[in-house]
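Peer 1: Sequence:
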Amino acid sequence: RLCYHGNMLPKTHAPDDGARHRLAVLSGDGGAAAASHHISHHSRSSHSSEAVPLVSSSAAAAAASSASFSAGANPVTPADYLGRLLEPATMDIQSALDQMRTLLGLQPQRIYKTSYYRKQTKNHWARDDPAFAAVQVALLLVASLAYSVAFRPAQGYLLTTILGFAIKSVLINFIGVGAVMATVGKQIADRHLASVGRTHVKQTVEWLYAFDIHCNAFFPFFVMVYGIQFFLLPIVLGTSVMSLIISNTLFAVAFSWYFYITHLGYRALPFLSNTEVFLFPIAAVAFLYIFNLVGHPFGLGFNGSRVMAYLYFE
2 RLCYHGNMLP KTHAPDDGAR HRLAVLSGDG GAAAASHHIS HHSRSSHSSE
52 AVPLVSSSAA AAAASSASFS AGANPVTPAD YLGRLLEPAT MDIQSALDQM
102 RTLLGLQPQR IYKTSYYRKQ TKNHWARDDP AFAAVQVALL LVASLAYSVA
152 FRPAQGYLLT TILGFAIKSV LINFIGVGAV MATVGKQIAD RHLASVGRTH
202 VKQTVEWLYA FDIHCNAFFP FFVMVYGIQF FLLPIVLGTS VMSLIISNTL
252 FAVAFSWYFY ITHLGYRALP FLSNTEVFLF PIAAVAFLYI FNLVGHPFGL
302 GFNGSRVMAY LYFE
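Mapped onto the numbering used here, the consecutive letters of the sequence shown carry residue numbers 2 to 315.
Simulated from the structure, these hints should not be mistaken for lab results.
Where hints are given, some of them may not hold.
Claimed, not checked - Pair by pair, the computed Cβ-Cβ distance ranges are: (1) G296 / N275: 29 to 39 Å; (2) L233 / V295: 29 to 39 Å; (3) G300 / Q121: 28 to 38 Å; (4) V197 / A151: 29 to 39 Å; (5) V197 / L164: 43 to 53 Å; (6) I236 / L164: 45 to 55 Å; (7) F152 / G177: 42 to 52 Å; (8) G177 / L234: 23 to 33 Å; (9) R153 / P271: 43 to 53 Å; (10) Q156 / F288: 36 to 46 Å; (11) T78 / V181: 14 to 24 Å.
What the hints assert, rightly or not - Derived DMTMM-like pairs: lysine to aspartate or glutamate, alpha-carbon spacing no greater than 25 Å straight-line: (12) K203 / D191; (13) K120 / D81; (14) K123 / D99; (15) K187 / E207; (16) K120 / E277; (17) K114 / D81; (18) K120 / D130; (19) K203 / E88; (20) K203 / E315; (21) K120 / D99; (22) K114 / E277; (23) K169 / E277; (24) K120 / D93; (25) K187 / E277; (26) K187 / E315; (27) K187 / E88; (28) K114 / D130; (29) K187 / D130; (30) K114 / E207; (31) K114 / D99; (32) K123 / E88; (33) K169 / D191; (34) K203 / D93; (35) K187 / D129; (36) K203 / D99; (37) K120 / D191.
Because the structure is a prediction, the values reported are computed rather than measured.
The C-beta atom is built at its ideal place from N, Cα and C for all residues, glycine as well.
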């Protein structure tokens with residue numbers, strides 16, 4: 002309170018920029034409504050003509066409730082995650098699309114800032130909104146239809162080809178490989194990269210967060226291998242050296258991009274160190290790329306697109 006000529010004047014407090022930023026960032030995880038209500042309530046209280054304490058009893062109760070929630074909230078479970086798939090109205094599709102656009106930009110690490118704010122407000126790193134994974138599955142189904150039509154069998158049913166490619170793409174490539182990568186990544190991080198913090202308690206990586214990292218990394222891979230490659234099929238399925246170079250370049254960029262986004266996901270966790278180990282597979286990708294290029298004149302190289310076509314449609 003401030004005294005002026007013997008009168009008590011209220012001291013006003015405007016919502017800070019951090020609150021506005023958190024409101025924008027957390028809009029995809031259901032935190033916008035609560036943050037907006039808190040800011041509007043705080044703003045109305047600050048303009049009151051009546052002298053009030055700096056922190057009112059109702060504001061203190063709200064802050065205590067928020068702190069209690071942040072400290073005691075349990076990490077989101079796979080059951081909770083899958084349960085929200087049955088409630089499409091609760092999923093923020095626009096936020097998922099914005100995150101996908103960020104992954105294709107020059108600063109893909111920005112997508113993991115939402116994980117940090119989620120940890121501060123909900124006490125878990127993983128997404129509790131399955132919209133990103135749901136959109137990815139939908140895109141894979143569309144790609145399965147397109148590739149099945151392009152490689153439609155001379156004999157047999159087109160529907161069978163579509164179902165076969167969709168099952169391999171969704172259940173094996175996306176979910177199956179994602180579960181393996183999440184488990185392996187979590188084990189590497191927990192056993193070899195985690196450090197003891199100030200509380201002398203060793204933190205561990207949430208499995209669903211590790212699966213989130215796979216989902217983020219898989220999207221650029223999908224764009225390269227399922228998207229761009231589709232429009233280059235007449236070229237990359239050829240037998241020339243140029244076809245081999247273009248095809249293998251697409252796969253090399255896709256796999257390298259996957260491991261780079263994976264590295265960024267684990268690097269975002271403050272209790273992990275030496276996360277550069279997740280970049281090591283890029284060296285293997287570069288070796289295979291050079292080996293195929295140099296070995297092709299000697300019959301040792303292979304075309305990634307032709308291998309994919311053989312595995313999925315022969």
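Peer 1: Could you run down the list of hints and mark each one as holding or not?
Peer 2: The hints, checked one at a time:
1. G296 / N275: 29 to 39 Å: holds (34 Å)
2. L233 / V295: 29 to 39 Å: violated (23 Å)
3. G300 / Q121: 28 to 38 Å: Violated - the Cβ-Cβ distance for G300 and Q121, about 57 Å, lies outside 28 to 38 Å.
4. V197 / A151: 29 to 39 Å: Given range 29 to 39 Å: violated, Cβ gap about 53 Å.
5. V197 / L164: 43 to 53 Å: Because 49 Å falls inside the window, the suggested range holds.
6. I236 / L164: 45 to 55 Å: Violated, at about 28 Å.
7. F152 / G177: 42 to 52 Å: violated (22 Å)
8. G177 / L234: 23 to 33 Å: Check passed, 25 Å falls within 23 to 33 Å.
9. R153 / P271: 43 to 53 Å: Cβ of R153 to Cβ of P271: about 51 Å, so the range 43 to 53 Å holds.
10. Q156 / F288: 36 to 46 Å: Since Q156 and F288 have Cβ atoms about 40 Å apart, the given range 36 to 46 Å holds.
11. T78 / V181: 14 to 24 Å: holds (20 Å)
12. K203 / D191: holds (9 Å)
13. K120 / D81: holds (17 Å)
14. K123 / D99: Cα-Cα ~21 Å, so holds.
15. K187 / E207: Holds, because 8 Å separates the two Cα atoms, which is no more than 25 Å.
16. K120 / E277: holds (23 Å)
17. K114 / D81: holds (22 Å)
18. K120 / D130: holds (14 Å)
19. K203 / E88: Judged against 25 Å, a Cα distance of about 35 Å means the pair is violated.
20. K203 / E315: violated (50 Å)
21. K120 / D99: holds (20 Å)
22. K114 / E277: holds (19 Å)
23. K169 / E277: violated (31 Å)
24. K120 / D93: holds (19 Å)
25. K187 / E277: The given pair, whose Cα atoms are some 15 Å apart, holds under the 25 Å limit.
26. K187 / E315: violated (36 Å)
27. K187 / E88: violated (29 Å)
28. K114 / D130: Holds, because 16 Å separates the two Cα atoms, which is no more than 25 Å.
29. K187 / D130: Holds. K187 to D130 sits at ~21 Å (cutoff 25 Å).
30. K114 / E207: Holds, at about 16 Å.
31. K114 / D99: holds (13 Å)
32. K123 / E88: This hinted pair holds, its Cα atoms lying about 20 Å apart.
33. K169 / D191: Given pair K169, D191 is violated - Cα atoms ~30 Å apart, limit 25 Å.
34. K203 / D93: violated (33 Å)
35. K187 / D129: Measuring from Cα to Cα gives roughly 18 Å; hence the hint holds.
36. K203 / D99: violated (34 Å)
37. K120 / D191: holds (18 Å)
Violated hints for the displayed structure, listed by number in ascending order: 2, 3, 4, 6, 7, 19, 20, 23, 26, 27, 33, 34 and 36.
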